[in-house]
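Model the full structure from these sequences, guided by the hints.
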Amino acid sequence: MSETNFDLVVVGSGPGGYVAAIRAAQLGLKTAVIEREHLGGICLNWGCIPTKALLRTADIYNLIKHADEFGIKVEGATVDLKKTVDRSRKVAGQLSGGVKHLLKKNKITVIDGHGKLAGSGKVEVSKDGKVVSTVAAKHIILATGARARTLPGLEPDGKLIWTYKEALVPDVMPKKLLVVGSGAIGIEFASFFNALGSDVTVVEVMDRILPVEDAEISAFAEKSFKKQGMTIHKGTTVSELKKSGDKVTATFKDKKDKTSSDSFDRVILAVGIVGNVENIGLEGTKVKVEKTHVVVDEFSRTGEPGVYAIGDLTGPPWLAHKASHEGVICVEKIAGEKDVHPLNTSNIPGCTYCHPQVASVGMTEAAAKEKGYDIKVGRFSFIGNGKAIALGEAEGLIKTIFDAKTGEMLGAHMVGAEVTELIQGYGIAKTLETTEVELMHSIFPHPTLSEMMHESVLDAYGKVIHM
Amino acid sequence: MPITITMPALSPTMTEGTLANWQMKEGDTVSSGDVLAEIETDKATMEVEAVDEGTLGKILVPGGTENVAVNTPIAILLEEGEDASALDGFDAGSAPEPATEESDEAPKKDADDGGKKKSADEAAKTSKQDAAPEAKGSSGPALVTKDGERIFSSPVARRIAANEGLDLKSIKGSGPHGRIIKADVEKALASGGAKAAAPEKAASAPAPAAATPPPEGNYEEIPLTSMRKTIARRLSEAKQTIPHFYLTIECELDNLLAMRKELNGRSDDYKISVNDFIIRASALALKKVPTANACWGGDKILQYKDFDVSVAVAIEGGLITPVVRKADQKGLAVISNEMKELATKAKAGKLMPEEYQGGCFSISNLGMFGIKEFSAVINPPQSAILAIGAGEQRPVVRDGALAMATMMSVTLSCDHRVIDGALGAELLKHFKGYIEEPLTMML
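Those protein sequences? They're chains P and L, same order as listed.
In case it helps, UniProt numbering puts the first sequence at residues 1 to 467.
In case it helps, UniProt numbering puts the second sequence at residues 1 to 443.
If you're looking for bench data, these hints aren't it; they were derived computationally from the structure.
Ideal Cβ placement from N, Cα and C applies to all residues, glycine included.
Don't take every hint at face value.
[To be verified] Label pairs and their computed distance ranges (CB to CB): (1) P:LYS107 <-> L:PRO176: 24 to 34 Å; (2) L:ALA190 <-> P:ILE428: 26 to 36 Å; (3) P:ASP297 <-> L:LEU302: 27 to 37 Å; (4) P:ASP297 <-> L:LYS300: 50 to 60 Å; (5) L:GLU186 <-> P:SER261: 51 to 61 Å; (6) P:ILE428 <-> L:GLU186: 48 to 58 Å; (7) L:PRO176 <-> P:PRO447: 26 to 36 Å; (8) P:LYS165 <-> L:SER191: 49 to 59 Å; (9) P:ALA215 <-> L:GLY297: 48 to 58 Å; (10) P:HIS441 <-> L:PRO176: 13 to 23 Å; (11) P:LYS107 <-> L:VAL35: 55 to 65 Å; (12) P:PRO305 <-> L:SER191: 25 to 35 Å; (13) L:ASN67 <-> P:ASP297: 43 to 53 Å.
Below is the structure:
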């Protein structure tokens, strides 16, 4: 390697790392990215993107199953699992290549290997366990991401018991599937395999699925999933997974300590993530780690001067767009840009691409009440929207929560078709700090699903038209 | 190429002014230093002098136009050898833009290529229309409109401010391009800004928002002059935001009057007034109590090192306060002659900004009208004003017996944020000392 001195070295090229590197290059910093595996990180290769490719197949299959309703006769439609997975991998590959091109275009040095802090302003790069080089940098951003959490007794084996990684490249379509955990990752896989014909059971330790969402949305989604044939056990833990031959027998324990068991072909573990804090040279530095995540301030600074951390390696929410945004803020601060503001976590939308989709931004109704807000709540059902009915997607709900005193939009929660594309409208509204008045004055085009966003706001103030 | 003459900024805070009249007409030959026009600001009338030589080719803003924004092209000067045809195709709008950044919403003047081909006549027409939007863009985050100010702020910030009676003008925005966001308003509320700012809100819109409708009857409507508007705004602000308190003290004048008589008898080069003694006594008292020579700076106190004394001068349509600088270092004769010159200029409306801006302390003397004593309103951003009553013979008790003396009552109005009672009292004690023992002023 010719160049070993940089203004900025980013360890990890996920959506946090590569975006930070590009922004740094734009600001004139001599930048390098160290990546041990695939450019683009989990998001592009083993997360957000390939799952969306799989879910697209599920969506199309769902439509075909209902083709008759739309006047189309389709007979003998089957899913080719290999082709579905191949397409998903191809999509991931294409995007990873895109990141490579972007880094090259911005004249960012890409270093192949595992990066590890090695004293002040230095990062050691190793390949296959051997140190191959050391690079120096004024600033170092750690963006090493996170991995699936495992619980004692619930260890993945990669064959019968999967994490997201194996679930993305299934060799067989499990007849009977157990999904442990009903967060975004668990529910998306449950939705995918359920659509393609698996008999899916979801186990959630909390008293509702999608626990970070508004309770009303959780309940709505649960009802819908059950209608699609899913079995859902809430308030339940998996105390044991016992393998025998091609089967896994799971023992469930509910809140009253009542146990039951069932047998499955495959199990997907989706019980959260842990930060990749190991073997990156944090020992002996002032970088503080709490519950497997690096502690940072509002500008991603760790306790160690010149060392920063962004994305899943740091605190929640663990979302690609949060990582990217953090990366940009961190780099702009490093470069001394003016008017750099910390990330406002209450304006970060979250999306789950199950069927029906779930999307939200800001506080849930319960959170708003807990914070002592006097609130106004609006609701609008898809059944009242012309476009939704025309699409054959009349199942869904848009809920909005306002501070009665100031008219500030505190939160918005959606379930239904295409809501992951709608949520950003409220995201902008929240970022611009609009009140209900500006939203009411906004003209939403007809006929669109977005009209429901308008109606939900109107409903919060007793002015709803189509309900 | 023709030269564009723009509305000058006569003081750092000036955003617009009235183009009172043109001293030259189109076609006149202009030499450097010639007076082209007179401009009236809220404080004074000032002359615009020509910098370049040539012929006054075109007047773009006629005399008597109010609210002309700084940097608006007001005339075009033809250089030597150019005739009126040079005006064709010349775009007055290409004059230097306001130094401040143009806001996103301010329409870019002549942004289209067609604008470059505009004749000067058209430019003349548009320049006035442009004046308003230009003023909008030139003041950074706050858009100045004809009927007030627009301040960039988020709807939620505005709603909270309205709920809490908080004036957005008092808040610094931390959002993009200085936009005031919710966090800024909450910060201001948390730091108690609401209380301080609330009265300011009323002060910001004094004229149009008369609280009660005027009484019915036969009256004539008198339009407000720039000066009247400024007096209304600043003194309302003073009374509503500055916590005034008042200290009155009596000074015996007999020694001073005797000394004055003797000094004035010595030469015809000066004629020292009682007021001149008061100016010097004030400066010397401030020097003895330098912590009183200070202004309120919002989050700090600014203690000044020069002992300047502003003197209220009544002029046609209002009043103005020219400043005698470093009065502690000047003799009575110098102060006297300087004051006469300042008063003459003030009455003619010819004071330069540096002659009436600054200082922390004012004197207002109504003694010549026989006023015994009164309380004056502090002239912001100053922190004290001394109201001087008439010198008159009064019975006094001296050594247990009634006696006659020439007495003068003075009342000091203090900004309690800067000057506490004891400090104000100390200042007055020294003032009284100098007035009663005027020889000590010579030290």
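Hints versus structure:
no.	hint	result
1	P:LYS107 <-> L:PRO176: 24 to 34 Å	holds (29 Å)
2	L:ALA190 <-> P:ILE428: 26 to 36 Å	holds (27 Å)
3	P:ASP297 <-> L:LEU302: 27 to 37 Å	holds (34 Å)
4	P:ASP297 <-> L:LYS300: 50 to 60 Å	violated (28 Å)
5	L:GLU186 <-> P:SER261: 51 to 61 Å	holds (54 Å)
6	P:ILE428 <-> L:GLU186: 48 to 58 Å	violated (21 Å)
7	L:PRO176 <-> P:PRO447: 26 to 36 Å	holds (34 Å)
8	P:LYS165 <-> L:SER191: 49 to 59 Å	holds (51 Å)
9	P:ALA215 <-> L:GLY297: 48 to 58 Å	holds (52 Å)
10	P:HIS441 <-> L:PRO176: 13 to 23 Å	holds (22 Å)
11	P:LYS107 <-> L:VAL35: 55 to 65 Å	holds (60 Å)
12	P:PRO305 <-> L:SER191: 25 to 35 Å	holds (31 Å)
13	L:ASN67 <-> P:ASP297: 43 to 53 Å	holds (48 Å)
Hint compliance for this structure: hints 4 and 6 are broken, all remaining hints hold.
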